Amino acid sequence: MTSSLRKVALAAGCMLFAGQLLAADEPKRPECIAPASPGGGFDLTCKLAQSALVNEKLLSKPMRVTYMPGGVGAVAYNAVVAQRPADAGTLVAWSSGSLLNLAQGKFGRFDETNVRWLAAVGTSYGAIAVKSDSPYKTLDDLVQALKKDPSKVVIGSGGTVGSQDWMQTALIAKAAGINPRDLRYVALEGGGEIATALLGGHIQVGSTDISDSMPHIQSGDMRLLAVFAEKRLDEPEMKDIPTAKEQGYDIVWPVVRGFYLGPKVSDADYAWWKDAFDKLLASEDFAKLRDQRELFPFAMTGQELDTYVKKQVADYKVLAKEFGLIQ
Numbered sequence: 046m047t048s049s050l051r052k053v054a055l056a057a058g059c060m061l062f063a064g065q066l067l068a069a070d071e072p073k074r075p076e077c078i079a080p081a082s083p084g085g086g087f088d089l090t091c092k093l094a095q096s097a098l099v100n101e102k103l104l105s106k107p108m109r110v111t112y113m114p115g116g117v118g119a120v121a122y123n124a125v126v127a128q129r130p131a132d133a134g135t136l137v138a139w140s141s142g143s144l145l146n147l148a149q150g151k152f153g154r155f156d157e158t159n160v161r162w163l164a165a166v167g168t169s170y171g172a173i174a175v176k177s178d179s180p181y182k183t184l185d186d187l188v189q190a191l192k193k194d195p196s197k198v199v200i201g202s203g204g205t206v207g208s209q210d211w212m213q214t215a216l217i218a219k220a221a222g223i224n225p226r227d228l229r230y231v232a233l234e235g236g237g238e239i240a241t242a243l244l245g246g247h248i249q250v251g252s253t254d255i256s257d258s259m260p261h262i263q264s265g266d267m268r269l270l271a272v273f274a275e276k277r278l279d280e281p282e283m284k285d286i287p288t289a290k291e292q293g294y295d296i297v298w299p300v301v302r303g304f305y306l307g308p309k310v311s312d313a314d315y316a317w318w319k320d321a322f323d324k325l326l327a328s329e330d331f332a333k334l335r336d337q338r339e340l341f342p343f344a345m346t347g348q349e350l351d352t353y354v355k356k357q358v359a360d361y362k363v364l365a366k367e368f369g370l371i372q
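Just so you know, we're using my numbering here: the sequence shown kicks off at 46 and counts up by one.
Read the hints as simulated data drawn from the structure, not as lab findings. Hints may be right or wrong, so weigh each one.
[As the list claims (entries may be wrong)] Pairs of lysine-lysine residues, derived as DSS-like cross-links and limited to a Cα-Cα distance of at most 25 angstroms, are as follows: (1) Lys193 <-> Lys182; (2) Lys333 <-> Lys182; (3) Lys92 <-> Lys73; (4) Lys192 <-> Lys219; (5) Lys333 <-> Lys219; (6) Lys182 <-> Lys276; (7) Lys290 <-> Lys324; (8) Lys356 <-> Lys106; (9) Lys102 <-> Lys92; (10) Lys92 <-> Lys333; (11) Lys102 <-> Lys333; (12) Lys290 <-> Lys319; (13) Lys356 <-> Lys319; (14) Lys309 <-> Lys319.
All values derive from a computational prediction rather than experimental measurement.
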């Protein structure tokens, strides 16, 4: 074969491969797994995509949303990697908390390299919530109570020691000179359970995030002592919520939210989903839906997201070592 013919054949082969990547059909039974109980951030993330993908005509019918609580994401991660690795119709919601757990080896034998990171669709921020009638009016009120007797303040968090919600209060404790291990925690499965426990009087403080909390803030049932953002959030219903920084605690904790696919999903099916989310994230209608769910812009897909996730896990490992959570 001449050099020219080889070039033509190679070009044709590349075009055929590219065509195969783009030729995947819409998944027949699309499903979004929220790896927690209903009502929290994973549920919110799945339902955002469920609505938006249909509204943008990227899916012809809404995805089912199913719930797989356990280990704040560990059960779902293991189930997809081990039992449904090639299921092209199954998306799983993840958050920054998932990455923190991966950094500590909390997902068992699997790590951040065992799934196909698909898309990040928005970010929230960590927050400290109390009931509207709580005696704690400011973050410093809470800190003073913890200094006096940390065993008297019951804090609900998504996950056990080392979770994202635990880390938020551990950072406050560290800044205040309190041993984080002295804090009294109740481990719960995500923002929905935290809100239920807080409103039911089973805990006094919820370490959560602002997206999970806003429906209860707007109903008047809850207050936020602090949000872990760089500055006050520029939304009408959030502008009066003080940051931890302005109260003297230099803590910022974004909560990025997105989706991953099983490790053996084909390149063609992965490309179909990536293209769908690229279109979605560029849509003004999607931006409005995201805003309605109290999420802020954070758009990333494909290889760029894969690189981001792996860097975040590495950074979280450093933080986990600082708190003695891993060796």
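Evaluation of the provided hints:
no. : hint              : in the structure
1   : Lys193 <-> Lys182 : 17 angstroms, holds
2   : Lys333 <-> Lys182 : 32 angstroms, violated
3   : Lys92 <-> Lys73   : 18 angstroms, holds
4   : Lys192 <-> Lys219 : 11 angstroms, holds
5   : Lys333 <-> Lys219 : 38 angstroms, violated
6   : Lys182 <-> Lys276 : 19 angstroms, holds
7   : Lys290 <-> Lys324 : 36 angstroms, violated
8   : Lys356 <-> Lys106 : 35 angstroms, violated
9   : Lys102 <-> Lys92  : 16 angstroms, holds
10  : Lys92 <-> Lys333  : 14 angstroms, holds
11  : Lys102 <-> Lys333 : 16 angstroms, holds
12  : Lys290 <-> Lys319 : 36 angstroms, violated
13  : Lys356 <-> Lys319 : 21 angstroms, holds
14  : Lys309 <-> Lys319 : 15 angstroms, holds
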